[in-house]
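Modelling step: build the complete structure from the supplied sequences, incorporating the hints.
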Amino acid sequence: GNANSHDPRNLPIVLAGGGFRHGSYVARKKGDTAPLCNLFVSMLNKMGLETESFAQSNGALSW
Numbered sequence: 150g151n152a153n154s155h156d157p158r159n160l161p162i163v164l165a166g167g168g169f170r171h172g173s174y175v176a177r178k179k180g181d182t183a184p185l186c187n188l189f190v191s192m193l194n195k196m197g198l199e200t201e202s203f204a205q206s207n208g209a210l211s212w
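In the working numbering, the protein residues as written are 150 to 212.
Incorrect hints may have been included.
With beta-carbon atoms standing in for the labels, derived distance ranges [said to hold, decoys possible]:
(1) G197 x R158: 27 to 35 Å
(2) G197 x N153: 29 to 37 Å
(3) H155 x K179: 18 to 26 Å
(4) G197 x R170: 14 to 22 Å
(5) S202 x I162: 17 to 25 Å
(6) G197 x S154: 30 to 38 Å
(7) R170 x G208: 15 to 23 Å
None of these hints come from the bench; they were simulated from the model.
All residues carry an ideal CB built from backbone N, CA and C; glycine is no exception.
Given below as structure tokens:
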């Protein structure tokens with residue numbers, strides 16, 4: 150991906166902190182079109198802010 154062009158496809162992301170399983174590498178399947186905003190929904194939920202959407206999300210991630 151290219152963060153400078155605001156293209157979230159194939160964009161490596163590092164998460165640090167509590168609430169998520171540590172020491173893992175998650176590779177999404179090719180063709181998986183889950184919006185990056187779904188990650189943000191999951192992060193907000195882990196921080197205690199119950200929400201079902203953020204920007205163009207269609208839900209939280211299920212991993």
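These are the hints, each one checked on the structure:
no.: 1; hint: G197 x R158: 27 to 35 Å; in the structure: 30 Å, holds
no.: 2; hint: G197 x N153: 29 to 37 Å; in the structure: 32 Å, holds
no.: 3; hint: H155 x K179: 18 to 26 Å; in the structure: 21 Å, holds
no.: 4; hint: G197 x R170: 14 to 22 Å; in the structure: 18 Å, holds
no.: 5; hint: S202 x I162: 17 to 25 Å; in the structure: 20 Å, holds
no.: 6; hint: G197 x S154: 30 to 38 Å; in the structure: 33 Å, holds
no.: 7; hint: R170 x G208: 15 to 23 Å; in the structure: 19 Å, holds
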